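Please put together the full structure from these sequences, using the hints given.
Protein chains: 2
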Amino acid sequence: MEDETKIAILLFDNFTALDVVGLYEVLSKIPNSRIYFVSETVRAYKDSKGLQIIADSSFDSLPAADIIVLPGGFGIDAILNNSRVINWVKGVHAQSKWTVSVCSGALLLGAAGLLKDCTATTHWNRKEQLAQYCSNITDDRYVVDGKIITSAGVSAGIDMALYLLSLVTNETYAKVVQLGMEYDPQPPFNTGSPRTAPKELVDLIKNQRKINAAT
Amino acid sequence: MEDETKIAILLFDNFTALDVVGLYEVLSKIPNSRIYFVSETVRAYKDSKGLQIIADSSFDSLPAADIIVLPGGFGIDAILNNSRVINWVKGVHAQSKWTVSVCSGALLLGAAGLLKDCTATTHWNRKEQLAQYCSNITDDRYVVDGKIITSAGVSAGIDMALYLLSLVTNETYAKVVQLGMEYDPQPPFNTGSPRTAPKELVDLIKNQRKINAAT
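As you go down the protein sequences, you meet chains A and B in turn. First residue of the first sequence? That's 1 in the numbering used here, and the numbers climb one at a time after it. First residue of the second sequence? That's 1001 in the numbering used here, and the numbers climb one at a time after it.
The set of hints was computed from the structure by calculation and includes no laboratory data. Quick caveat: nothing in here was measured; it's all calculated off a predicted structure. Keep in mind that a hint or two might mislead.
Computed far set for chain A versus chain B, every beta-carbon distance over 10 Å [to be verified]:
| hint | residue |
| --- | --- |
| 1 | Lys6 |
| 2 | Ile54 |
| 3 | Asp60 |
| 4 | Ala64 |
| 5 | Asn82 |
| 6 | Gln95 |
| 7 | Gly113 |
| 8 | Ala131 |
| 9 | Ser135 |
| 10 | Gly146 |
| 11 | Ser155 |
| 12 | Pro188 |
Facing chain A, a subset of chain B residues (Cβ under 8 Å, in silico) [stated by the list, open to error]:
| hint | residue |
| --- | --- |
| 13 | Leu1018 |
| 14 | Ser1028 |
| 15 | Pro1031 |
| 16 | Ile1035 |
| 17 | Phe1074 |
| 18 | Ala1152 |
| 19 | Gly1180 |
| 20 | Pro1187 |
| 21 | Lys1199 |
| 22 | Val1202 |
The beta-carbon is built from N, C-alpha and C at its ideal position, and this holds for glycine as well.
Below, the structure is given as structure tokens:
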């Protein structure tokens, strides 16, 4: 029997819940896999509105995994200079088969120096910030560069994870998983991207973020 | 100031994580709202692959809320005859402004007798089971009937929640939230529905479910 596929998902305070769970719902279907929720301390971590997910593993207890997942969220800025987090990211990436980020999780890859010669993406409103670490940022939903996959904001983790699932298993299996989760998206509005949303809505979020960053 | 909007999300063992979190990511953006994760006991609940979300409230401590959310998952069958769950659903529904289900969560509404004269939907592979409680089941992504909204499988909760958000707040606000979560879906495959997936993939899941149900 093949070895178990170990998947490590980073948690931190004020993570974005859907960054974690969209991808989780897909990757948890990898046969003979085990998912570890990893953080500095084994405890419950809260997103910004109070949902609590338990980290079952610490950095010390999980120094390596096959797939490393870095989600984003408003709390990301508070850990970009945390040497324990950055050292863990560097260490697990050195041994991973795949290292992936969702949304602003790409900033962690950047802060760890892993995006220097890489093509990458992130949440549309984090691109300026990511540019300090990465000179080739695209508008793609997700970008594969070697063993690093970065994805756009929040919900993009679902699309990226289905693609990654097809690489780790096979395309037919990924299609079955998509059918099982009835992922046949029908958003009620067409405002999911700055390409399609009215400029005033884009500006509203940009300004909000400036306010958040200033506090 | 207007009263806080109370949102109660039911948890149970073997819930589907994305049923909960897709919708949560959207509804948690309702201004002046608070989300309660409710179950029989205040403890962590595991989905089928080990993700643990903490239920912060018990049925006794939360007998009423403005929006009631019933997610689905493989664990739903084990609680359809649980009188404490069913009585809580009946009680909170009697006072709610909105009662919504994601995926097989509709079966709980059915078991509570709330879908008798209702048009509803559920996960495509749960429709036969739902038919024992509901005579008008549709293929829609989500269905609004009075104050009850039911949605299709797993990921459909995101679409439904954005629509509900537009009703509870306003359409512009819901559009901003969609942009913030970059919900511009680009699934890598076109197999998210039995309408579009090859028949052999549909049969594969149907047979799998029969196997699950038999064990």
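Comparing the hints with the structure gives:
1. Lys6: 13 Å, holds
2. Ile54: Not fine: 4 Å to the nearest Cβ puts Ile54 of chain A too close to chain B.
3. Asp60: Answer for Asp60 of chain A: holds, closest chain B Cβ roughly 20 Å.
4. Ala64: Ala64 of chain A is indeed farther than 10 Å from all Cβ atoms of chain B, at 19 Å.
5. Asn82: Non-interface label stands for Asn82 of chain A: nearest chain B Cβ at 24 Å, farther than 10 Å.
6. Gln95: 22 Å, holds
7. Gly113: Answer for Gly113 of chain A: holds, closest chain B Cβ roughly 26 Å.
8. Ala131: 18 Å, holds
9. Ser135: Given that every Cβ of chain B is farther than 10 Å from that of Ser135 of chain A, nearest at about 22 Å, it holds.
10. Gly146: 19 Å, holds
11. Ser155: The claim breaks: Ser155 of chain A does not keep its Cβ more than 10 Å from every Cβ of chain B (closest is about 5 Å).
12. Pro188: It is violated; Pro188 of chain A is separated from chain B by about 5 Å at its closest Cβ, not greater than 10 Å.
13. Leu1018: 4 Å, holds
14. Ser1028: 4 Å, holds
15. Pro1031: Hint violated; Pro1031 of chain B Cβ to chain A Cβ min 12 Å, cut 8 Å.
16. Ile1035: 6 Å, holds
17. Phe1074: This interface hint is violated because 11 Å lies over the 8 Å limit.
18. Ala1152: Ala1152 of chain B check passes; min Cβ-Cβ to chain A is 5 Å, inside 8 Å.
19. Gly1180: Since the shortest Cβ distance to chain A is 6 Å, the answer is holds.
20. Pro1187: 6 Å, holds
21. Lys1199: 11 Å, violated
22. Val1202: Status holds, d = 7 Å.
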